[in-house]
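K.L.:
What follows is each chain in one-letter form.
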Amino acid sequence: MKLHPILAALRKHKAGTVLIALQIALTLAIVCNAVFIIGQRVERVNRPTGLDESNLFLVSQQWVGAPSADNADGVEKLDAMQREDLAALRQLPGVAAVAPTNSLPLLNSSWTGSVSHKPGADLGGKGDIRTAYYFTDEQALSTLGLRLVAGRNFNAGDVQHQGFRDQRDRPVAIISKALADKLFPDGNAVGKVMYSDGSNAPTTIIGVVARLQIPSIGSWGSSFAWYSTLIPTRLDGGFARYAVRTKPGQLDAVMRAVAPALYKVTPMRVLDDDSVKPFSEIRAKAYRADIGMAVLMGVICLILLCVTAAGIVGLTSFWVGQRHRQIGVRRALGARKIDILHYFQIENLLIAGVGVVLGVVLAVGLNMWLMTHYEMTRIPLLYVVTGVLAMLAIGQGAVFVPARRASNVPPVEATRAA
Amino acid sequence: MFSYYLELALRSLRRSPGLTLLMVLTIGFGVAASMTSWSVFRAVSGDPIPWKSSKLFVPQIDNWGPKGRSSDGEPPNAMDYADAIALMRDHRAKRQSAMYQISPSIVPAQADKHPFNVSGHVVYGEFFPMLDVPFKYGSGWSADDDTNRAMVAVISSKLNQKLFGGVSSVGKTVNIEGKDYRVVGVLDDWNPQPRFYDVVNTGGFSTTGDDVFLPFLTAIQEAMSNDGNTNCNEVPKESGFVGLQHSECVWVAYMAELDDVAAATAYRNYLNDYARAQQQAGRFGWAPNSRLRDLPAWLDSQHVVPSDTRVSLLVALGLLLVCLVNTVGLLLAKFLRRSGEIGVRRALGAPRAAIYSQFLTEAGIVGAAGGVLGLLLTVAGVASVGWVLPKDIAALARLDVSLLLLTMLVAVVATMLAGLYPTFRASRVQPAWQLKSN
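These protein sequence lines are chains A and B, in that order.
Per our numbering, the very first residue in the first sequence carries number 655; after that it's consecutive.
Per our numbering, the very first residue in the second sequence carries number 9; after that it's consecutive.
Just so you know, these hints were derived from the structure itself, not from any lab.
Given the structure is predicted, the values throughout are model-derived calculations rather than measurements.
It is possible that some hints are incorrect.
Below, computed lysine-lysine pairings styled on BS3-like, alpha-carbon distance capped at 27 Å [stated by the list, open to error]:
#, chain 1, residue 1, chain 2, residue 2
1, B, Lys-75, A, Lys-931
2, A, Lys-836, B, Lys-75
3, B, Lys-245, A, Lys-931
4, A, Lys-846, A, Lys-772
5, A, Lys-772, B, Lys-166
6, B, Lys-60, B, Lys-166
7, A, Lys-939, B, Lys-245
8, B, Lys-170, B, Lys-180
9, A, Lys-918, B, Lys-187
10, A, Lys-772, B, Lys-170
11, B, Lys-75, B, Lys-60
12, A, Lys-731, B, Lys-187
13, B, Lys-245, B, Lys-102
14, B, Lys-144, A, Lys-931
15, A, Lys-939, B, Lys-166
16, B, Lys-170, A, Lys-918
Computed list of chain A residues with no C-beta within reach of chain B, every gap over 10 Å [as the list claims (entries may be wrong)]:
#, residue
17, Ile-660
18, Arg-819
19, Gly-892
20, Leu-925
21, Thr-962
22, Ala-986
23, Leu-987
24, Glu-1029
25, Leu-1036
Note that the Cβ used here is the ideal one computed from N, Cα and C, for glycine as well.
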């Protein structure tokens, strides 16, 4: 098949050709970037927190008229109240483990600071590493389902308590593997010391857990998303959170039993519908915006591809109609059906080829523009290549029906008036 | 003449129902996608207090110095306690209020009801007139109440409904965090989005409004601690809530009302003078780096509009563009298919203008039909953003007459624009050539 007659014919349909090529280019540019956004969001949503998320729920509660956490006496009273609550929860049937905690991964409420090799370092200064703290106790690892990869777990003797705004020395900590590797690239973090929040008192790393995400999923926390530090300290304030792991299959039953059990300890507290939440709900809430964005981009891509395919069908049908007589002539002169079919397929391939070349330029340009204005990363080549192949395939798919109709034009058309 | 073109257009559209349907669907989906994302964007980027936003200002004082600044040299986006109190004491703006977010418990008077949690803000009395907060019963509190640390409260109508069954509770007491406060005012429905007076702590959008407002100094006296962000550049030297008040940690929001440019300039100078005085006193080891932004600029600087919303709108507009390119192609095919008819009309004496009118009418009809479909799809789209977007954002997207009119307008105008080039081509058809070849 020679290209020359196709090109010559296209020159007669400049406007239509340019429009289809332009449409393919724009579609490719938008779809590539939209699918890239979808890919990023799906990857984000699917990354594991490091917790064993099933059979885990969180209780957030607040005491009414609680003693002040600003004086030592009040802190002791608050701690006694917290220990009573923990004991009550640990006694519930179906409960496997309970740990107090100031937050959980994906909860978006965090206490962040920094750790350093040197004592007395500036907060946020050079050389120190940002981290998010989980203040908890010796049941943290079993409750959260964290996997210890080196060192030992906390024991009851490690656990301290403090007012929630106080600063207290932190003799021991368990850190996430990511933080351990960052602090001590040579390995063997266990037994080494670090200094947290510019303190002069050393913190000995007694254990390393495989993975633990920080509470924040916002962009401000993305630079230290896996740098978590567990401190064996109960925080005492008017407000407390308890993470509860149930025995398999008992999540609902235990969740229902929480409010009555805690009200029995003391009724003067706030425990409303939001107070007892399974971890699955925390996860769903955290990633709702990402899933929504992915769905939205998916819907827009689908509409775009349908519109573009329909546009190709429409314009090609028009061309086929317009060239009925010429097709008849070609058939009468000996062209086979397959030749006519190929003619339209190659014509579409040429137009789509120009379109995707322009589209690749637009896609990369759009991606670069999004990178400077919004939080986007460079689009991987794979997305662009897939997009190009998909657009060419859609073009061929869309052209097939009108092209086959063209190939079915009988040679006798040549003898009829146009 | 118009009715004749209308009839011609309808006849022509009926002749190729497939192509017509394709165009209507294209326009409908394109318009609906852009209008749905526009409704969300409009909701989150709207001015929460349009009649006054240019007179409301947020001051920032650089109490952290060069090491605490972000990469663009911005000082902290909230204030520490000492600066907030000093600015309130100096009282240089027409009205002003320092504020922070609280999340206290409310103990119902009925013994059988459990305590519950509300969110709120502690503010100065000037907060209410400054922001034109509407009252259903009573009013805000006075400056004397502020200085005397009066145990007074303003509550939302929702909380008033829950605690007092909706009748005026002015003068009655409400138990907040175990202490009795006298209700002085009940708000009318007031839940501005974004929560412009404190975007730093609320993140901008929230499905639930503030239910209680208490005097700032009263809350400090009662040690009612803040619920929201506390950012520190160093560990506070003293412990507890009092330690926080003595620290350089930032956690207090601030807003001032300044009536004109002169007042704003004067206030800006005042902020710099204040910072310079702190420098001279040895507290700041750096030159003043203050900011004073009016509300729209402040909301912009805090990136209140989620970037997802902007990107969605952009992508949806891209979709509309593709739909229009597609429509140009389809209209071109449709119009040029009738070259013979155009040739006859032109040969019989129709001027180019008549051809323009005829084909633009046809494009307009396609646009109107696409607009009707677009309306239906926009209604469906706005109704379904609730299960796609976060609740606090989705709840803001609303259908109203202006959105529906805009949908229709965009559909018709866009299609007629798309029809310009095909119509131009149609008007260039050479009558002689067409007549001969037939």
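K.L.:
Work down the list of hints and note, for each, if the structure agrees.
P.N.:
Comparing the hints with the structure gives:
A threshold of 27 Å between alpha carbons decides the hint, and for Lys-75 (chain B) with Lys-931 (chain A) the separation of about 40 Å lies outside it, so the pair is violated. At roughly 23 Å between alpha-carbon atoms, Lys-836 (chain A) and Lys-75 (chain B) fall within 27 Å of each other, so this suggested pair holds. With a C-alpha separation of about 36 Å, the suggested pairing of Lys-245 (chain B) with Lys-931 (chain A) is violated against the 27 Å cut-off. The hinted pair formed by Lys-846 (chain A) and Lys-772 (chain A) meets the criterion: a straight-line CA distance of about 12 Å does not exceed 27 Å.
Simply put, Lys-772 (chain A) and Lys-166 (chain B) have alpha-carbon atoms about 53 Å apart, too far for the 27 Å limit, and the pair is violated. Restraint check: the Cα-Cα separation between Lys-60 (chain B) and Lys-166 (chain B) comes to about 26 Å, which is no more than 27 Å; the hinted pair holds. About 36 Å separates the Cα atoms of Lys-939 (chain A) and Lys-245 (chain B), which puts this hinted pair outside 27 Å; it is violated. Taking the CA atoms of Lys-170 (chain B) and Lys-180 (chain B), the gap is near 14 Å; set against the 27 Å cutoff, the hint holds.
Only pairs whose Cα atoms come within 27 Å are accepted, and Lys-918 (chain A) paired with Lys-187 (chain B) is accepted, the gap being roughly 23 Å. This hinted pair does not check out: Lys-772 (chain A) and Lys-170 (chain B) have alpha carbons roughly 55 Å apart, beyond 27 Å. Restraint check for Lys-75 (chain B) and Lys-60 (chain B): the C-alpha separation of about 35 Å exceeds 27 Å, so the hint is violated. Taking the CA atoms of Lys-731 (chain A) and Lys-187 (chain B), the gap is near 19 Å; set against the 27 Å cutoff, the hint holds.
Between Lys-245 (chain B) and Lys-102 (chain B) the CA atoms are separated by roughly 35 Å; this puts the pair beyond 27 Å, and the hint is violated. With a CA separation close to 36 Å, the supplied pair Lys-144 (chain B) and Lys-931 (chain A) exceeds the 27 Å bound. With a CA separation close to 25 Å, the supplied pair Lys-939 (chain A) and Lys-166 (chain B) stays within the 27 Å bound. Taking the CA atoms of Lys-170 (chain B) and Lys-918 (chain A), the gap is about 25 Å. The hint holds against a cut of 27 Å.
Every C-beta of chain B lies more than 10 Å from that of Ile-660 (chain A), the closest at about 19 Å, which supports listing it as non-interface. Listed as outside the interface, Arg-819 (chain A) is inconsistent with that label: its C-beta sits roughly 5 Å from the nearest C-beta of chain B, within the 10 Å cut-off. A beta-carbon of chain B comes within 10 Å of the beta-carbon of Gly-892 (chain A); the shortest separation is about 8 Å. A beta-carbon of chain B is positioned within 10 Å of the beta-carbon of Leu-925 (chain A); the least distance is around 7 Å.
Its beta-carbon lying about 7 Å from the closest one in chain B, Thr-962 (chain A) breaks the requirement of being farther than 10 Å from that chain. Non-interface status of Ala-986 (chain A) relative to chain B is upheld: no Cβ of that chain comes within 10 Å, the nearest being about 20 Å off. At roughly 21 Å, the least C-beta separation between Leu-987 (chain A) and chain B is larger than 10 Å, which holds for a residue marked as non-interface. Residue-level check failed: Glu-1029 (chain A) sits 7 Å from the nearest beta carbon of chain B, not beyond 10 Å.
Chain B leaves Leu-1036 (chain A) outside its interface by the beta-carbon criterion, the shortest separation being 20 Å against a cut-off of 10 Å.
Checked against the numbered hints above, the structure breaks hints 1, 3, 5, 7, 10, 11, 13, 14, 18, 19, 20, 21, 24 and satisfies the rest.
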